[in-house]
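*Asks:* Chains A and B, in that order, are what the protein sequence lines are. In terms of our numbering, the first sequence opens at residue 1 and continues consecutively. In terms of our numbering, the second sequence opens at residue 288 and continues consecutively.
Do not rely on the hints blindly, as some may be mistaken.
Claimed, not checked - For lysine to any residue, the following SDA-like pairs were computed, each having C-alpha atoms within a straight-line distance of at most 20 Å:
1. K360(B) <-> R34(A)
2. K360(B) <-> E24(A)
3. K349(B) <-> T39(A)
4. K70(A) <-> E292(B)
5. K321(B) <-> T39(A)
6. K362(B) <-> I8(A)
7. K70(A) <-> A295(B)
8. K9(A) <-> G358(B)
9. K362(B) <-> R12(A)
Bear in mind the hints are in silico, worked out from the structure with no lab data behind them.
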Amino acid sequence: MFELEARIKAWRSELVRAGLNQPERLNELESHLREEIETLVSSGLKEADAFNPAVSRLGSSAQIQTEFQKIKGRSWLPLTIVLGLVVSMLSIVLFVALREIAAGNLSLLFAHVVSLTAGCCAGLITGVLGICYFCWRLFGNLTPTRLQPTRRALLFLNYLSTGLIATGFILGMLWARKNLGRFFGGDPREIGGLCVTAWFIATAIVQQFFRISDRKAMLMCISGNIVIILGWFGANMFTALQSYGFGTQWLFELLLGVHLIALLLGFIPADSLPLRTPRTPKTESYV
Amino acid sequence: MLAKELVAASTEPLILSLLSQGESYGYALIQEIKRLSGDKIEWTDGMLYPVLHRMEDNGWIKSRWVENDNGRKRKYYSIKKDGQQALKEKLTQWGLVSSVLSRLWKQQYV
Numbered sequence: 001m002f003e004l005e006a007r008i009k010a011w012r013s014e015l016v017r018a019g020l021n022q023p024e025r026l027n028e029l030e031s032h033l034r035e036e037i038e039t040l041v042s043s044g045l046k047e048a049d050a051f052n053p054a055v056s057r058l059g060s061s062a063q064i065q066t067e068f069q070k071i072k073g074r075s076w077l078p079l080t081i082v083l084g085l086v087v088s089m090l091s092i093v094l095f096v097a098l099r100e101i102a103a104g105n106l107s108l109l110f111a112h113v114v115s116l117t118a119g120c121c122a123g124l125i126t127g128v129l130g131i132c133y134f135c136w137r138l139f140g141n142l143t144p145t146r147l148q149p150t151r152r153a154l155l156f157l158n159y160l161s162t163g164l165i166a167t168g169f170i171l172g173m174l175w176a177r178k179n180l181g182r183f184f185g186g187d188p189r190e191i192g193g194l195c196v197t198a199w200f201i202a203t204a205i206v207q208q209f210f211r212i213s214d215r216k217a218m219l220m221c222i223s224g225n226i227v228i229i230l231g232w233f234g235a236n237m238f239t240a241l242q243s244y245g246f247g248t249q250w251l252f253e254l255l256l257g258v259h260l261i262a263l264l265l266g267f268i269p270a271d272s273l274p275l276r277t278p279r280t281p282k283t284e285s286y287v
Numbered sequence: 288m289l290a291k292e293l294v295a296a297s298t299e300p301l302i303l304s305l306l307s308q309g310e311s312y313g314y315a316l317i318q319e320i321k322r323l324s325g326d327k328i329e330w331t332d333g334m335l336y337p338v339l340h341r342m343e344d345n346g347w348i349k350s351r352w353v354e355n356d357n358g359r360k361r362k363y364y365s366i367k368k369d370g371q372q373a374l375k376e377k378l379t380q381w382g383l384v385s386s387v388l389s390r391l392w393k394q395q396y397v
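Hey, can you work out the whole structure from these sequences and the hints?
*Replies:* In structure tokens:
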């Protein structure tokens, strides 16, 4: 007995085997196939007789995949730079940590500082990606093929920052318990650290469980930077505990100002500024 | 039937022209071209989507998923400012080819 759903499922699997594995593209092709089958059925054919002609009108899976491959893999410079920076930073952190372990100097405080600093730096770098996104969106040409790897990178960077920041925060609490007799003392730096940790955990949850737009995800990244600036650099100015620098007022204000402007850019509708130049395509293809 | 090369060259201006009249989706675009050409222009249906995606990548068109009354989702495309500019350029180019051919044929047959 003919089962349409099973046949469509098998047809999708065939497309996936041919290398077409993006759900959005598959959904669009499936929607077309169903439409074609409906048209053939309404013209008098049975579903079983309509399926094969509808599939053949769409073309072979290899043909479709070949055409899609021509638009695959366009890189976006800010993403390449950001990923390069993150890899460099992680290499440095790993090198420093291994050196300290080899020298037998690895302490709770050191691990806390390194983890928190690396997490905040990764978070800040992700926020810079957000700033680039809004600049490109308004003044450049940010297209879906460029956004796909950016989405994946953003998710990875957010998890990385959240993991490092949360680990650093917990290590800090353990250090405080061991040396100061309490986990949390309400110091401006500790409150700042708590805010940063809470924000990044919330961001990771939202990104994992809610389907949010790229614009909202990038707004969250820039907001994350503002939380880091206030919670880390800002708290340094009022801290009673040790400070790792960045206590300069002008730098704090400059960073805050830049991020607030970037946040505002995110609320300007795309295409509203007449500063973009249309791109000319490089290839023609057959349909 | 139109030659394969001509079908390929005319795809983008045809899509841009259709989308300049309003939002539409892949299946409807194919049916409309078939109707307007009296079945003389025939696209291989599945090949239209890579072209649409490439045009979206060029920043000429944008897309959104819409759920209709029976729960089915369709991806609708609409033209952007850059697409209107590209259409204008393509119309000028096709207009030029058309006028040159017209003049040549006029000289030949008059």
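*Asks:* Could you grab the alpha-carbon distance between K360(B) and E24(A) and see if it respects the 20 Å cut-off?
*Replies:* OK: K360(B) and E24(A) at ~11 Å, within 20 Å.
*Asks:* Is K360(B) within 20 Å of R34(A), Cα to Cα?
*Replies:* Given pair K360(B), R34(A) holds - Cα atoms ~11 Å apart, limit 20 Å.
*Asks:* Decide if the proposed pair is consistent with the structure: K349(B) and T39(A), CA atoms, cutoff 20 Å inclusive.
*Replies:* At roughly 27 Å apart (the allowed maximum being 20 Å), T39(A) and K349(B) break the hint.
*Asks:* Between K362(B) and R12(A), is the straight-line Cα distance small enough, at 20 Å or below?
*Replies:* Roughly 18 Å between the alpha carbons, so the hint for K362(B) and R12(A) holds.
*Asks:* Straight-line Cα separation of K362(B) and I8(A) no greater than 20 Å?
*Replies:* holds, 19 Å
*Asks:* Straight-line Cα separation of K70(A) and E292(B) no greater than 20 Å?
*Replies:* Holds - the C-alpha atoms of E292(B) and K70(A) are around 18 Å apart, at most 20 Å.
*Asks:* Do the alpha carbons of K321(B) and T39(A) lie within 20 Å of each other, as the hint requires?
*Replies:* holds, 14 Å
*Asks:* Does G358(B) sit within 20 Å of K9(A), going by the straight-line distance between their CA atoms?
*Replies:* Satisfied, since the Cα-Cα distance of roughly 18 Å is no more than 20 Å.
*Asks:* Given the hint that K70(A) pairs with A295(B), does the C-alpha gap stay at or below 20 Å?
*Replies:* Satisfied, since the Cα-Cα distance of roughly 15 Å is no more than 20 Å.
Of the numbered hints given earlier, the model fails hint 3 alone.
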